[in-house]
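> As a plain string of letters, each chain reads:
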Amino acid sequence: MAERLTPSGELRSVPALLARNVARFGNRPAYREKEFGIWQSWTWAEAADEIRALALGLLALGLKPGDHMAIVGRNRPAHYWGMIAAQMCGAVPVPLYQDAVADEMAYVLEHCGARFVLCGDQEQVDKVLEVSQTVQGIEQIVYTDKRGLRKYDHSRMNALADVQAEGRAAAQRLGPELDRRIAALDYDSTCVMLYTSGTTGKPKGVVLSNRNIIETAKNSAEFDRLDHREEIVAYLPMAWVGDFIFSMGQAMWCGFTVNCPEGAHTMMTDLREIGPTYFFAPPRVFEGQLTSVMIRMEDAGRIKRALFRHFMGVARRVGPALLDGRPVGAMDRLSYALGRLLVIEPLKNALGYSRIRVGYTAGEAIGPEIFDFYRALGINLKQLYGQTEASVFITQQPDGQVRSDTVGVPSPGVEVRIAESGEVFYRSPGTFVAYYKNPESTAATKDAEGWVATGDAGFFDKESGHLRIIDRAKDVGRMADGSMFAPKYVENKLKFYPNILEAVVIGNGRDFCTAMINIDLTAVGNWAERNNIAYGSYQELAAHPQVYQTIREHVAEVNRSVASDPMLSGCQIHRFLVLHKELDPDDGEMTRTRKVRRAVINEKFADLVTALYDGSTSVHTETEVTYEDGRKGSIKATLRIEDAPVFGDKRQQKVAAQ
Amino acid sequence: MNDMTSQGYVTPDGRQIGGTLMELKNITLRFGGVVAIKDISFDIRQGEIRAIIGPNGAGKSSMLNIISGFYTPQEGEVWFKGYRRGPMKPYQVARLGIARTFQNIALFDGMSVLDNIMTGRLNRMKAGFLAQAMWWGSAAREEDENREAVEKIIDFLEIQNIRKTPVGRLPYGLKKRVELARALAAEPKLLLLDEPMAGMNVEEKEDMSRFILDVNDEFGTTICLIEHDMGVVMDLSDRVVVMDYGKKIGDGTPAEVRSNQAVIDAYLGVAHD
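Those protein sequences? They're chains A and B, same order as listed.
Basically the numbering used here = 1-based index in the first sequence + 578.
Basically the numbering used here = 1-based index in the second sequence + 142.
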């Protein structure tokens, strides 16, 4: 076929890269998916065949150049194929968050004017059908999983397999047209449109061109010397730019294998079976794994526990040094080798990290304890800093220069500068084309010279030359006495405790800081079980006096550490409460990527905020919650508010002096 | 042939219900002097979800045990697929295409979920003991086929993540689901569920209800269930039999049953002489 012979100098689109991969790695696995308990695999040649059939089928259904095709479902090869097939037809794939409720989906589908929607299963089809009652323009629904959909009205709905079958049947008729459309794709054609999670306001559609994606994939792959032998596990939301870069951009550029787990809840087992060589996870995944390792070790026998403790001690001392190539004594090396044999390698295997060559984390700050734990195991875990508008990469840590409190040096091809306000700006080949249908926001974010404001405040570390991010630029505020208020800095310190899942620090323009805290049900629940503390619900556990006591100790420790930084000592937490419910994206309190929405929380929990500042010791509140099926309910609770010890604080000294 | 020619009906949600699958005629069951069930007749039709409800001690479980062939009534006739059924051994009942779950879960705690569900397919394995032990010839092929069928059920009931977990380690709600999976593995014509929602929280009940509806919809399995939770029964079933003190006091669609005075009395309580 014509497009498969495109010379390698003209790899200007994802379909072109696909054709190259077929030519170069035809019989190597391109995609794997676990289904019915068995890993199914598709070689590049087989995948290309499936994708072409799908593209022809979509063409037959009337997908036009410039159309938007939304994709909503879990990570499955068929959904990645759907994106490439849409590109082949000249359409723009728009992956959506599959856990979005119908309302959120309605906004995005209306905004991009999607004519076609590829749905993973009945749940997604139902949502799209609900949306299509109010949003005009959704013409065709294609679904992957047939279950439960047999009796639906199929006048505008097709199973993906049927679309492919029709495409295969129409290959003679539509083939030339498809080839024409593929040939028309160039470096400036839109590769994908991704909606930002929208920490503030409505989501914005970030248009990324083939240039953005392919250049970024190429640069970042060279940075870490990725090649076609890598194995990755695709499990992060397809709507997130990271997944698009890793599972699409880099996978296509390098020709490596994308493995899709059976489902979200089997992720850990599947991860272990695949043993990826290149892996990305947000800090909370690493945190969760570490917590579960620690909990299981507590339950282990005495000998195992002693071995674990001893060799983890050795590993913490020696592992990171070995990774960074620093000199290590012979005895330590020997001891570490023994530790690897007895503890480290079996543990890595249990976690699925035996083969990792490059691991990244980003999105939130990662606790130094957690970061060092994985580094100690000999896992080359690094940090990067990026955003959708940059096609992910802004800065990343080179091998051997890894620290837990920085995000690395500018990625290849990326220029970074810090404005006077402290805000970080960048310019790169990955810089987005525009926000879709939103020239004002585009102009406000990207200036004429191509510099993009990240909205984050940071500075370059003088010693290492690495970038350090403090907080969102707009969240950094002033307290009533003029001292600096950086809530995330304190929140991150709090969240490093396994017992604390989320924390919201309040204090902008106030006399002192307060905090609302979410306990981690896994960690605290395990502690409760161990100490024979009975609880009936999350709410009951959260209100337990001993839980309060523990949290108070954590807050005190954080205060002590915050007090040591003269610039930020005003951010110590004077009063706190433990929330009666988990902050949840369904309730709008967090974004889908689990970033706290401060404005929403301040408004929704206004009564709690008032109580935190008016000196009361308890507050009665009623909160609306949204269940997974979209129904609403409310929970009532009386929350206690406690004072926390503060250290070396100006205000307290003043009180003492009086 | 008995009654197989009778017309079915169409449910409010548009499902076509077929002819009679099972008919119980004038059933009376006694334990010594105690009359557990007294002269009850009703039928179960192809493809429907049939519920048996009633207050504690009404004789519901005894009725289910008669349907499943575990009890043989002293009086009355049980007709299944147009043939009159005599006293039977449990395996004979299973071969007829009747599978059940139990009120108090009856799974093998030490075995994995997968193995537990595989036991549901024992009836379909023909290879001899020796061939199975040696993993030889048809035994291996048979196991592959059965494993495939089991995996489809695992996928259907969304329990992939616990495939290899020993059942003893699972929470109650999941055990119930595994039990349903094992019953489904036998590919029954008639599935009997004894209090499938007992002891579940609201979310687990919703999940279970959805699975019951999906099973009925996807596999066309006829389902007969006993349940205490009235809300669930009324939402799920096509027709309901109401029992009280071993007698049938109502039979019909949920709406009919709900407005039946005898049923209201039995549930809200009236003075008995």
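To be clear, the hints were calculated from the coordinates, so they are not data collected in a lab.
The C-beta atom is built at its ideal place from N, Cα and C for all residues, glycine as well.
Heads up, some of the hints might be wrong.
Calculated lysine to any residue pairs in the SDA-like style (CA-CA distance at most 25 Å, straight line) [what the hints assert, rightly or not]:
| id | chain 1 | residue 1 | chain 2 | residue 2 |
| --- | --- | --- | --- | --- |
| 1 | B | Lys306 | A | Lys1015 |
| 2 | A | Lys926 | B | Met372 |
| 3 | A | Lys780 | A | Lys1214 |
| 4 | A | Lys1182 | A | Ser1147 |
| 5 | A | Lys1210 | B | Met372 |
Okay, the calculated beta carbon distance ranges per label pair [claimed, not checked]:
| id | chain 1 | residue 1 | chain 2 | residue 2 | range |
| --- | --- | --- | --- | --- | --- |
| 6 | A | Arg1172 | B | Pro308 | 49 to 55 Å |
| 7 | B | Gly362 | A | Lys1052 | 23 to 29 Å |
| 8 | B | Gln158 | A | Arg1172 | 45 to 51 Å |
| 9 | A | Val1203 | B | Tyr387 | 42 to 48 Å |
| 10 | A | Gln700 | B | Phe244 | 28 to 34 Å |
| 11 | A | Ala749 | B | Leu272 | 47 to 53 Å |
| 12 | B | Asn198 | A | Tyr1205 | 28 to 34 Å |
| 13 | B | Gly310 | A | Val1203 | 30 to 36 Å |
| 14 | B | Gly279 | A | Gln700 | 53 to 59 Å |
| 15 | A | Asp731 | B | Leu272 | 50 to 56 Å |
| 16 | B | Phe244 | A | Arg894 | 34 to 40 Å |
> Indicate, hint by hint, whether the structure satisfies it.
Outcome of the hint check:
Using a Cα cut-off of 25 Å, the hinted pair Lys306 (chain B) and Lys1015 (chain A) is violated, with the two alpha carbons roughly 50 Å apart. This hinted pair does not check out: Lys926 (chain A) and Met372 (chain B) have alpha carbons roughly 50 Å apart, beyond 25 Å. Restraint check for Lys780 (chain A) and Lys1214 (chain A): not satisfied, since their Cα atoms lie roughly 29 Å apart, outside the 25 Å limit. As the CA atoms of Lys1182 (chain A) and Ser1147 (chain A) are separated by approximately 28 Å, the hinted pair breaks the 25 Å bound.
The suggested pairing of Lys1210 (chain A) with Met372 (chain B) holds, with an alpha-carbon distance near 23 Å, which does not exceed 25 Å. The hint said 49 to 55 Å for the Cβ distance between Arg1172 (chain A) and Pro308 (chain B), and at roughly 33 Å that hint is violated. Under the hint 23 to 29 Å, the C-beta atoms of Gly362 (chain B) and Lys1052 (chain A), about 58 Å apart, miss the expected range. Our hint of 45 to 51 Å for Gln158 (chain B) and Arg1172 (chain A) holds, since their Cβ atoms are close to 47 Å apart.
Taking 42 to 48 Å as the suggested C-beta distance range, the pair Val1203 (chain A) and Tyr387 (chain B) conforms, at roughly 43 Å. Between Gln700 (chain A) and Phe244 (chain B) the CB atoms are about 30 Å apart, so this pair conforms to the stated range of 28 to 34 Å. A hinted range of 47 to 53 Å holds for the C-beta pair Ala749 (chain A) and Leu272 (chain B), which are about 52 Å apart. Against the hinted window of 28 to 34 Å, the Cβ-Cβ separation of Asn198 (chain B) and Tyr1205 (chain A) comes to about 31 Å, which satisfies the hint.
In this structure the hint that Gly310 (chain B) and Val1203 (chain A) lie 30 to 36 Å apart at CB holds, the actual value being about 34 Å. Under the hint 53 to 59 Å, the C-beta atoms of Gly279 (chain B) and Gln700 (chain A), about 41 Å apart, miss the expected range. Checked against the hint of 50 to 56 Å, the C-beta distance between Asp731 (chain A) and Leu272 (chain B) comes to roughly 54 Å, which is consistent with it. Checked against the hint of 34 to 40 Å, the pair Phe244 (chain B) and Arg894 (chain A) fails, with Cβ atoms roughly 51 Å apart.
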